[in-house]
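Undergrad: So you can see what is in the structure, the chains are spelled out below.
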Amino acid sequence: MRRGFRAVVAARNDTSIAMSTLTKFSATPFTGPAPTNRDPFIPAGVEAIDARAAEIAPSHPALQRESGQDMATFDVPPEAIVDVLRTLKANGYTMPLDLWAVDYPHRDKRFDVLYQLYSLKSNERVRLKVRVGEEEAIPTGTGVFKGLDWYERETFDMFGVRFDGHPNLRRILCHEAFQGHALRKDYDPAQRWVLTEKDVARIIPKIDPRFEDVDTDFERVTLNLGPSHPATHGTLRIVVTLDGETIIGADQEIGYLHRCFEKMSETHTYQQVMPYTDRLNYCSAFINNVGYSLTVEKLLGITAPPRAQHIRLILSEFMRIADHLVCLGTNLVDMGALTNFWYLFQPREEIYGLIEACCGARLLPSYCRIGGLAVDAPSDFLQNAQRLVNMLPKYIDDVEKLIDKNKIFLDRVVGIAPISAEAAIDYGFTGPCLRACGVAYDVRKASPYLGYETYDWQVPIADGGDTFARYLVRMEEMRQSLKILQQAINRGLPDGPVIVDNPYVALPPKAKVYNEMESLIYHFKLIMHGIQPPVGETYFPVEGGNGELGFHIVSDGTKNPYRVRCRPPCFQIYSAFPDMIIGQTIPDAIAALGSLNIIAGELDH
Amino acid sequence: MQVTKVSPGVVKVTGAHMGVLERLYIPQVLAGMVVTMKHLVKNLFNLKKLPTISYPEEKRVYSERFRGRHILTSREDGTTRCVACYMCSTACPAECITIEAGEDERTREKFPVRYDIDLLRCIFCGYCVDACPEDAIYMTRDYEMAIDSRARSVVGLRDLVVPPNFPVAPMGWRPYYGSVDKKGTAGGTGLGQARRDAPFDDDAPANPDVYAGA
Chain A
75 MRRGFRAVVA ARNDTSIAMS TLTKFSATPF TGPAPTNRDP FIPAGVEAID
125 ARAAEIAPSH PALQRESGQD MATFDVPPEA IVDVLRTLKA NGYTMPLDLW
175 AVDYPHRDKR FDVLYQLYSL KSNERVRLKV RVGEEEAIPT GTGVFKGLDW
225 YERETFDMFG VRFDGHPNLR RILCHEAFQG HALRKDYDPA QRWVLTEKDV
275 ARIIPKIDPR FEDVDTDFER VTLNLGPSHP ATHGTLRIVV TLDGETIIGA
325 DQEIGYLHRC FEKMSETHTY QQVMPYTDRL NYCSAFINNV GYSLTVEKLL
375 GITAPPRAQH IRLILSEFMR IADHLVCLGT NLVDMGALTN FWYLFQPREE
425 IYGLIEACCG ARLLPSYCRI GGLAVDAPSD FLQNAQRLVN MLPKYIDDVE
475 KLIDKNKIFL DRVVGIAPIS AEAAIDYGFT GPCLRACGVA YDVRKASPYL
525 GYETYDWQVP IADGGDTFAR YLVRMEEMRQ SLKILQQAIN RGLPDGPVIV
575 DNPYVALPPK AKVYNEMESL IYHFKLIMHG IQPPVGETYF PVEGGNGELG
625 FHIVSDGTKN PYRVRCRPPC FQIYSAFPDM IIGQTIPDAI AALGSLNIIA
675 GELDH
Chain B
142 MQVTKVSPGV VKVTGAHMGV LERLYIPQVL AGMVVTMKHL VKNLFNLKKL
192 PTISYPEEKR VYSERFRGRH ILTSREDGTT RCVACYMCST ACPAECITIE
242 AGEDERTREK FPVRYDIDLL RCIFCGYCVD ACPEDAIYMT RDYEMAIDSR
292 ARSVVGLRDL VVPPNFPVAP MGWRPYYGSV DKKGTAGGTG LGQARRDAPF
342 DDDAPANPDV YAGA
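Chains as they are written, first to last, in my numbering: chain A, 75 to 679; chain B, 142 to 355.
Quick caveat, the hints were computed from the structure, so don't treat them as lab data.
Be careful, since some hints might not be right.
[Said to hold, decoys possible] Example chain A residues on the side facing chain B (calculated, C-beta under 8 Å, incomplete):
hint : residue
1    : 342
2    : 413
3    : 433
4    : 435
5    : 472
6    : 547
7    : 597
[Unchecked claim] With a cut-off of at most 16 Å between alpha-carbon atoms, the simulated EDC-like pairs for lysine to aspartate or glutamate come out as follows:
hint : chain 1 : residue 1 : chain 2 : residue 2
8    : A       : 337       : A       : 260
9    : A       : 183       : A       : 208
10   : B       : 189       : B       : 199
11   : B       : 179       : A       : 471
12   : A       : 259       : A       : 182
13   : A       : 163       : A       : 198
14   : A       : 272       : A       : 250
15   : B       : 190       : A       : 423
16   : A       : 481       : B       : 163
17   : A       : 183       : A       : 153
18   : A       : 475       : B       : 163
19   : B       : 183       : A       : 472
20   : A       : 183       : A       : 260
21   : B       : 200       : A       : 423
22   : A       : 203       : A       : 140
23   : B       : 146       : A       : 537
24   : B       : 146       : A       : 530
25   : A       : 203       : A       : 186
26   : B       : 179       : A       : 474
27   : B       : 179       : A       : 472
28   : A       : 633       : A       : 340
29   : A       : 280       : A       : 327
30   : A       : 203       : A       : 153
31   : A       : 183       : A       : 149
Here the structure is a predicted model, which is why all the values come from computation and not from measurement.
Here a beta-carbon is modelled for each residue, glycine too, at the ideal position from N, C-alpha and C.
Could you put together the complete structure from these sequences and hints?
TA: Written out as structure tokens, the structure is:
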């Protein structure tokens, strides 16, 4: 009995450990249902969803209802898709939230191309499934929704699904010398494709029709911004055509930070995907953890204990504040207001200190586990959170005093790079950038999770959709987050464990692993065979730092996800960037880019 | 900025109302200077509480859950606790742990002949610590891992194994026992060891009043 001897002795001597571990996790084996990978996934409230789908189905004859899904889902033949999209748009589904594909190589029509549309009016989502074979093409939906432009390019890049009539169907995340389509199941990821200088696409932006015939005395110049330029905050490349100082054409190239998040997820277990989600939006990494865990928990049909939910909510709000602090701080630096950067980054340091005290890492926490949290929060967690909530308003107020009435700042932002509410919805904007156009859409209000519906807070909106409106919305959102945090701290942390007591999902506590055969077996089983959710697919959105962050997971019942789709909010926002900066100047474009808060890690997933 | 309620749950934010005086550039620039001056004066008289850390003379104090460089603990008789069960390398999302198992001829126990961690691949997620069923791998608060060649990024048994009775209590990420100790800010249990300074952190704590705890 030499192994773990010290732990055994310590566990016996220290009554606090012995009590808590043995009361929370009884010595009797877990008696709940053992998940088997043959079970189909049955979402909660499936009857209501099916009933609603039956109501939507008659709106177009091509809609074939698919029952048993977690949202109203319809099969659509490829030739009818444009008409269906148009009909649904007329029926209120005005926002193209997502478009992605799943590859089933053994099938005759191997690709499922999925569209997700959202109706702001009725707060409902529909999913459209188009089944196509390898040689078939789908008519492009870019004529109906502008936001589908980049999504279709991404699906073409990753799966080789062609979209007929797409104005610019070239690769988006992979480079030009790349051969094959990375997310196909039969693609061998060990290949390396080297991009040489002669393969690089020469991007020459199309000149906006409004400026085509304008005759000025200036020579037209094509200028390359980025990819490694301090003002682009990440590896973004923008090519602009200038007439004097006015931007008359712009195009972007992305993918410099493509890390194959979705492909990597398919080769890792559900738990191992967690650190990969950290790296999506690294300014608010914890929210990604929460979003991913909630999606897998939904698939498993489990709920994290209340204590874990509460800690998740508190840290999510702190991370949202940190995200906005980074965005505003760097955006103001771009405009020459350096002092604000120091005032905004100091509280951010403190927020990272709080999360480091919880999980041992500042930027990339990996704090969530499926079913709860890795460890309990430290006992002084709420005091530290309160200290932060007390200190944050002072810094936000200081920034407001510095720039709110400063004419130099206002001249740089008011009316710059505006986007109308209709265009923003058409592009699939979410988050602060959409709310700056006056649309009060927030996932925390529209489909609350973690108990956001029980808190008293408001969704801030602003008029104009310009850089100034985005600044105003972010400032107010930080204050609203502080409001939520104060209420959450006042409620206190609920007692109880921080992770579900289910050895098929969560590792048993160590004191039991060292001492009990049963727990040791569960421990080995879980590490070797992973979590095996039921067969099915589900989508779960959370409000990330800059919009709706959704994960769509397809499970085939094995330990690795069959497909993980991340809906990165930046992707849609950035695709509208050329539209926003045409007719503006370069410094204005830089200020606008900063205010959109494009995070390359999330944009390029 | 002004905040007005438009409907339940929604507020509208608009820019601040600007008087004639505020529309001129100079007064508001001066008002901004007042704010920065206040910070300057406050910092001048509170040099000890400056938020900046003069690294490397001063160092940030991390919590006792910090996920830094790994160690492999030893039993009282000096053998390494690791039994080469491959749990940590299975759980590792970055595939940075390489283990080769051997067998002790006398006790017939498995032990690692080779245990390499590629610190350049490692993402310091702590999954190896969670996965260890033997209380063998811990993470320390050591974060200074600068190296001058790629070859040196791979650390083996020689660098990882620590002697028996090594004070693990104030270290970084440790296995989670399902409870929090009474001292706060610390993960795990401390295993009944006295709380001591981390062996890798030989310098005096930096700015404890600013960064202690959070």
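Undergrad: Given the proposed pairing of residue 179 of chain B with residue 471 of chain A, does the C-alpha separation stay at or below 16 Å?
TA: Cα-Cα ~13 Å, so holds.
Undergrad: When you check the alpha-carbon spacing of residue 183 of chain A and residue 208 of chain A, does it fall within 16 Å?
TA: With a Cα-Cα distance of about 7 Å, the restraint between residue 183 of chain A and residue 208 of chain A holds, given a limit of 16 Å.
Undergrad: Would you mind confirming whether the straight-line C-alpha gap from residue 272 of chain A to residue 250 of chain A stays at or under 16 Å?
TA: With Cα atoms ~10 Å apart, residue 272 of chain A and residue 250 of chain A stay inside 16 Å; holds.
Undergrad: Within 16 Å, alpha carbon to alpha carbon, are residue 146 of chain B and residue 530 of chain A?
TA: Since the Cα atoms of residue 146 of chain B and residue 530 of chain A sit roughly 14 Å apart, the hinted pair holds (cutoff 16 Å).
Undergrad: For the pair supplied as a hint, residue 179 of chain B and residue 474 of chain A, is the alpha-carbon distance within the 16 Å limit?
TA: holds (15 Å)
Undergrad: Does residue 140 of chain A sit within 16 Å of residue 203 of chain A, going by the straight-line distance between their CA atoms?
TA: holds (9 Å)
Undergrad: With a cut-off of 16 Å on the C-alpha distance, tell me whether residue 183 of chain A and residue 149 of chain A pass.
TA: OK: residue 183 of chain A and residue 149 of chain A at ~13 Å, within 16 Å.
Undergrad: Close enough to count: is the Cβ of residue 597 of chain A nearer than 8 Å to one in chain B?
TA: holds (6 Å)
Undergrad: CA of residue 183 of chain A to CA of residue 260 of chain A, is that 16 Å or under?
TA: holds (15 Å)
Undergrad: Regarding the pair residue 280 of chain A and residue 327 of chain A, is the alpha-carbon distance no greater than 16 Å?
TA: holds (14 Å)
Undergrad: Mind checking the alpha carbons of residue 189 of chain B and residue 199 of chain B for me, to see if they're no more than 16 Å apart?
TA: Since the Cα atoms of residue 189 of chain B and residue 199 of chain B sit roughly 12 Å apart, the hinted pair holds (cutoff 16 Å).
Undergrad: Does residue 260 of chain A sit within 16 Å of residue 337 of chain A, going by the straight-line distance between their CA atoms?
TA: Given pair residue 337 of chain A, residue 260 of chain A holds - Cα atoms ~12 Å apart, limit 16 Å.
Violated hints for the displayed structure: none, as all numbered hints are satisfied.
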